[in-house]
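A.B. asks: Following the hints, position chain L against chain P.
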Amino acid sequence: MKKIIFFLLATPFLIACSNDSVDNVNINFKFSQNWDGTQVTNADFNTTLYVNEMGRELNISRMRYLLSRFALTNQNGDVFTTNQFNLVDMANNATLTFNSDLVVPEGTYTLSFIYGFNQEDNINGAYPILNSASWNWPEMLGGGYHFMQYEGSYDVNTVPKPYNLHNGTARVSDGVFEQNFVTITLTNPLVIKTGSEINIKMNIAEWFKNPDLWDLDLYNITLMPNFAAQKLMQRNARSVFSATIN
Amino acid sequence: MVIRFSIYILLLLLLASSCSTSENTEEVYMATPLALEIPQLFQDRILPPVTSPTNPQSVEGVALGRKLFFDPILSADGTQACASCHNPQNAFSDERRFSVGIDGSIGTRNSMPLHNLAWNYNQKFFWDGRAITIEEQIFGPVTNPIEMKNTWPNAVASLQNQTTYPELFREAFGTTTIDSVLVSKAIAQFLRTLISANSRFDRHLMGENILTPQELNGIDVFMNESKGDCFHCHGNPFNPLWTDNTFHNNGLDETFSDLGLGNVSGDPRDNGKFKAPSLRNLAFTAPYMHDGRFETLEEVINHYSEGLVFSETIDPLMKTIAQGGVQLTESDKADLKAFLLSLSDSGFINNPDFQNPN
Numbered sequence: 001m002k003k004i005i006f007f008l009l010a011t012p013f014l015i016a017c018s019n020d021s022v023d024n025v026n027i028n029f030k031f032s033q034n035w036d037g038t039q040v041t042n043a044d045f046n047t048t049l050y051v052n053e054m055g056r057e058l059n060i061s062r063m064r065y066l067l068s069r070f071a072l073t074n075q076n077g078d079v080f081t082t083n084q085f086n087l088v089d090m091a092n093n094a095t096l097t098f099n100s101d102l103v104v105p106e107g108t109y110t111l112s113f114i115y116g117f118n119q120e121d122n123i124n125g126a127y128p129i130l131n132s133a134s135w136n137w138p139e140m141l142g143g144g145y146h147f148m149q150y151e152g153s154y155d156v157n158t159v160p161k162p163y164n165l166h167n168g169t170a171r172v173s174d175g176v177f178e179q180n181f182v183t184i185t186l187t188n189p190l191v192i193k194t195g196s197e198i199n200i201k202m203n204i205a206e207w208f209k210n211p212d213l214w215d216l217d218l219y220n221i222t223l224m225p226n227f228a229a230q231k232l233m234q235r236n237a238r239s240v241f242s243a244t245i246n
Numbered sequence: 001m002v003i004r005f006s007i008y009i010l011l012l013l014l015l016a017s018s019c020s021t022s023e024n025t026e027e028v029y030m031a032t033p034l035a036l037e038i039p040q041l042f043q044d045r046i047l048p049p050v051t052s053p054t055n056p057q058s059v060e061g062v063a064l065g066r067k068l069f070f071d072p073i074l075s076a077d078g079t080q081a082c083a084s085c086h087n088p089q090n091a092f093s094d095e096r097r098f099s100v101g102i103d104g105s106i107g108t109r110n111s112m113p114l115h116n117l118a119w120n121y122n123q124k125f126f127w128d129g130r131a132i133t134i135e136e137q138i139f140g141p142v143t144n145p146i147e148m149k150n151t152w153p154n155a156v157a158s159l160q161n162q163t164t165y166p167e168l169f170r171e172a173f174g175t176t177t178i179d180s181v182l183v184s185k186a187i188a189q190f191l192r193t194l195i196s197a198n199s200r201f202d203r204h205l206m207g208e209n210i211l212t213p214q215e216l217n218g219i220d221v222f223m224n225e226s227k228g229d230c231f232h233c234h235g236n237p238f239n240p241l242w243t244d245n246t247f248h249n250n251g252l253d254e255t256f257s258d259l260g261l262g263n264v265s266g267d268p269r270d271n272g273k274f275k276a277p278s279l280r281n282l283a284f285t286a287p288y289m290h291d292g293r294f295e296t297l298e299e300v301i302n303h304y305s306e307g308l309v310f311s312e313t314i315d316p317l318m319k320t321i322a323q324g325g326v327q328l329t330e331s332d333k334a335d336l337k338a339f340l341l342s343l344s345d346s347g348f349i350n351n352p353d354f355q356n357p358n
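Residue numbers (the working numbering), protein chains in the order written: chain P, 1 to 246; chain L, 1 to 358.
Isolated chain P (complex conformation) (with noise of 0.2 angstroms):
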């Protein structure tokens, strides 16, 4: 009787000591970026050059993105979901991994989440976090948050000129607005065994090329208020993303 007392007491410290049950994964991830597979980093700003698929060049000098909402689908299709986000700064490398509190059995899932806020989530100022880092998209084109920050200079060897591509809800016209976010629904399978880190992968170059085109001359600065230039961005969303783990 006092060995079953013993161990009923022993149990909430050996559980406390103890580590996760190792069919638990702790989902991590890690964000890069690459350049149609030449990775990017923050040293490249603003130095090395690269080409757009209408052949113009250009540098990189600041890239920042939300993405949200990370679900993973196992084959059985059971889903595991967060609503945490995570702001990438491809200047501050903390921000270039991130410890969810998704936490999935070991097996083979693939991977989804929401470059931007979905509607439910982009509310204005609601976030103190992306409040401080000055995130946040005008009240007068919708109200919430950016989806992305990203601009470079282009035709840098001859007459540089600035390009912002600065992404969120597209504005219609006078206070009437449409939702940009995407959904990236990547097929890929994903093995997720304990110490498994999904590596979310950017091709920058994607933005200029899949499946619409980008035109520097047209769209370069001012694309906040441009409808065109906020609906191509979240056309050309859907390819830039891609996974693996690592």
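One or more hints might be untrue.
Claimed, not checked - Computed list of lysine to any residue pairs in SDA-like fashion (alpha-carbon distance at most 25 angstroms, straight line):
1) L/Lys333 - L/Met223
2) P/Lys161 - L/Ser311
3) L/Lys333 - P/Met140
4) P/Lys161 - L/His303
5) P/Lys161 - L/Lys124
6) L/Lys227 - P/Ala228
7) L/Lys227 - L/Thr329
8) P/Lys201 - P/Phe177
9) P/Lys231 - L/Met223
10) P/Lys30 - P/Phe80
11) P/Lys161 - L/Asn271
12) L/Lys124 - L/Phe139
13) L/Lys124 - P/Phe45
14) L/Lys227 - L/Val309
15) L/Lys67 - L/Glu95
16) P/Lys231 - P/Phe80
17) L/Lys227 - P/Pro225
18) L/Lys227 - P/Asp174
19) P/Lys30 - P/Leu87
20) L/Lys227 - P/Val176
21) P/Lys161 - L/Thr313
22) P/Lys161 - P/Asp217
23) P/Lys161 - L/Asp267
24) L/Lys149 - L/Thr163
25) P/Lys161 - L/Gly325
26) L/Lys227 - P/Phe177
27) L/Lys124 - L/Asn250
28) L/Lys333 - L/Phe284
29) P/Lys161 - L/Glu95
Hints in this document: simulated from the structure, not taken from any laboratory.
C.D. replies: Just chain L now, kept in the frame of chain P:
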């Protein structure tokens, strides 16, 4: 049986202790804790302030820091205090373009205003970001040869030999032995209390007053990417710090006599970049820019409207560089100025807790 039960209990205690960390039994002097008074507006909208785990705020520490801030004892010849170049009436900046040191030496940058420093999440201070804590920032001016021109041993000796300071340090830090670290800690504690969040615009955001039509159009110009597009670097109503606390080349010069951040980082990509200052209290902080080149807000607005010049490191956010700026109408310029002045907090500059106690 009693022995066996006791063994069980001992085992339990062992298990419990294996999960806990050892307790620090060393006695540490504790002054009277003093929490920062975080304005409701900041509580509602932005992250908590950055405080120092090794320098907790205390009543005694803040009082000592305030006394030191206004006391010329820290300078080599006892003529210059921190407040000499950081005047409360100028939102703790200097109305002179360049501050003048104790021997008449003239600096090369305009004194930065001091407010809401605890909300500098990037923890990079000065125009060029060369200090990474408020405490470190304080070390600079005392020994700077064109400012207070002192040595720390001399400054510390002056304080140690004075009748009241040793006791004030004991009250704040539990020791009468003064050193430069404790001086910087005390002043940093005072600086963290310099909180400004009660301008006309702040009260508008809290629903306590109504802005004029001109001020309202001014915020529209500020937030409109097709007009002023000021918000990308200077905050917005949900980030009422009115700065992103990062570094930009804002198109002032084609070539640089002062490399700014580039001089600190050693990275030529940072040349000509300076910290975006907060737009709070502009009514009190003229002249403007890192080198105080603009005497009026009109000159500042004209710079962004028509005066931008290209250089290699210019920020792409200076997007209308090809046209020389954002080309505001005279009406929009006036409205923008009206809005900017609504960010001024006269209660801050006149706060009795922030004045000279000596």
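A.B. asks: What hints, given by number in increasing order, does this structure fail?
C.D. replies: 5, 8, 16, 29
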